[in-house]
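Enquirer: Sequence:
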Amino acid sequence: MDILEKVIIAWFAFEFVIRLWASGCRPEYQGWNGKVRYLCRIESIIDLVVIVVSAVVLGLQPINLVVDTSIVFAAAALRGFHRLFIVIRLVWARKSTSGVDSAVSPFRMFVSVLYSQREQLAIITYISFVVFFIGSFLVYLAETQTNSEFKNIANSFWWAVETVITVGYGDIVPITIPGKFLASIFMIIGFWLFALPTEVIGTGVALRVEKMEADVKHSPQFIPAVILIQSYWRFYASNHKPLSQTTWYIPHNRVIVDRNQQNVVRFIRAVKL
1 MDILEKVIIA WFAFEFVIRL WASGCRPEYQ GWNGKVRYLC RIESIIDLVV
51 IVVSAVVLGL QPINLVVDTS IVFAAAALRG FHRLFIVIRL VWARKSTSGV
101 DSAVSPFRMF VSVLYSQREQ LAIITYISFV VFFIGSFLVY LAETQTNSEF
151 KNIANSFWWA VETVITVGYG DIVPITIPGK FLASIFMIIG FWLFALPTEV
201 IGTGVALRVE KMEADVKHSP QFIPAVILIQ SYWRFYASNH KPLSQTTWYI
251 PHNRVIVDRN QQNVVRFIRA VKL
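Using the UniProt record's numbering, read the sequence shown as starting at 1 and increasing by one per residue.
Rather than coming from a laboratory, the hints here were simulated on the basis of the structure.
Fair warning: there could be bad hints in the mix.
Simulated restraints, written as ranges between beta carbons of each label pair [to be verified]: (1) C40 - K217: 56 to 64 Å; (2) L196 - K217: 29 to 37 Å; (3) F133 - A195: 14 to 22 Å; (4) A195 - V49: 35 to 43 Å; (5) V173 - D215: 51 to 59 Å; (6) I175 - D215: 55 to 63 Å; (7) A214 - I46: 28 to 36 Å; (8) L114 - I46: 50 to 58 Å.
Where is the CB? At the ideal position from N, CA and C, for every residue including glycine.
Whole structure, please, built from the sequences with the hints as guidance.
Expert: Encoded structure:
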């Protein structure tokens, strides 16, 4: 486990150095001020915290001569935070999609799915609370006369919570036939209600991934199509007098197009559009 942690931290450090060096390809991150601006990003701060904390923990780990219990406790807590930061770094890691300038974060995608499915999740939560209160009240009515554990609605609600989430402490259980029958029905409904949010979130994630794949598939075709349409409009407007007013102005003996647009114009003339 220690060897695996060292390999992961070494990879994080190497990746961070490469990304810091390669950030200069973007104009806003060029120069020393740009490097500082890149280091002030949330992702960079998380990476630095992970690398520094991990290096401190892994560096102090071979030193086992510490006797003070407070220092030992602090070292153990630091190691726990170190692993927590590793998990945060893995969740926050961004996976670039080919052909698309934007980056995709699993954490952000999950949050966006929760936000897009907020109405369905709110309805499920409301129905779950209603079922909890109704089930607790019915079991309370069935058990309160013969079972001393169900003294009030609060105890009955506690039993409902620990039963549905399958904790099963066993400190409060129904003993009457009606109470057991109601508890069985309540368990089945509770399992069904807890399965609904999983289905809603899973469907939302699947739809989001499908949309991302469609965007990646159609993005390489979208930009050339836009350039072709714009170039043909400029070619037509520069050789005719269109009824629509152009949003750009071409002075005499000057064409405001780049080399790529000139190639598109040559292609249009070649196919005689």
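Enquirer: Hints broken by the structure, by number, lowest first?
Expert: Violated: hints 1 and 8.
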